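**Student:** Sequence:
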Amino acid sequence: MKDLFNNNNNQDGNKPKKKQGFTILSGDSTDGHGGYGVGTINLNNVTPIFVDPAEEEVFIDMGALHARSSVEKRIKFTANREDAPNPKLYWLVWVMVDASGEGPYYAGLGACELQVDAEARRGYKSMPEHVNNMDKALKKRVVIDRMDDKSKALLKKFLIDHNEEFWNRASEDVKNALGE
5 MKDLFNNNNN QDGNKPKKKQ GFTILSGDST DGHGGYGVGT INLNNVTPIF
55 VDPAEEEVFI DMGALHARSS VEKRIKFTAN REDAPNPKLY WLVWVMVDAS
105 GEGPYYAGLG ACELQVDAEA RRGYKSMPEH VNNMDKALKK RVVIDRMDDK
155 SKALLKKFLI DHNEEFWNRA SEDVKNALGE
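By this note's numbering, the letter at position 162 of the sequence shown is numbered 166, and the numbering carries on one by one without gaps.
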């Protein structure tokens, strides 16, 4: 008879293997304790910023952390550009903010392309690109080489207007990539 309260009901009597899932924690998982949560990603210092070059608009949308931004809602995304017949270009830029002895600063950027056809409710995005560029931004790298100059200028203005002190302390890589 099976014990409904016991999860060890396999036939050979061995305990099932524990599955280690991907977990995002808000605390610091690298404090050296070596216990649960080591190797998880801390997203406390990353901000998703959308650049809309057509409307010359830049805005923060924290929903992008879970692919639920206002741009992404009600859109079926595929990895095929042809699935969006009349797309509008957006750039999702992952911005990493770090702190030094002098204070917080813009440390990393990772830009990802989105093509959205709101009328057809279809869009293009590359999930590997989003994950990899977020990871690079978290590691204080700058990956915005695919962005057009207009989008870079809009992003630079937004970052300066949002917090000029962060910009003044920004890494040289960030300033060079955005054309200081």
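Treat the hints as calculated values from the structure; they're not laboratory data. Treat the hints with caution; some may be incorrect.
[Said to hold, decoys possible] Per label pair, the in silico range of CB-to-CB distance:
(1) 167 with 86: 25 to 31 Å
(2) 64 with 154: 17 to 23 Å
(3) 157 with 71: 25 to 31 Å
(4) 136 with 58: 35 to 41 Å
(5) 72 with 132: 35 to 41 Å
(6) 131 with 102: 36 to 42 Å
(7) 149 with 105: 28 to 34 Å
(8) 176 with 90: 36 to 42 Å
Note that this is a predicted model, so its numbers are computed, not measured. Glycine included, each C-beta is placed from N, C-alpha and C at the ideal position.
**Student:** Hints first: check each against the structure and report whether it holds.
**Tutor:** Verification of the hints:
no., hint, result
1, 167 with 86: 25 to 31 Å, "40 Å, violated"
2, 64 with 154: 17 to 23 Å, "19 Å, holds"
3, 157 with 71: 25 to 31 Å, "27 Å, holds"
4, 136 with 58: 35 to 41 Å, "26 Å, violated"
5, 72 with 132: 35 to 41 Å, "19 Å, violated"
6, 131 with 102: 36 to 42 Å, "26 Å, violated"
7, 149 with 105: 28 to 34 Å, "30 Å, holds"
8, 176 with 90: 36 to 42 Å, "40 Å, holds"
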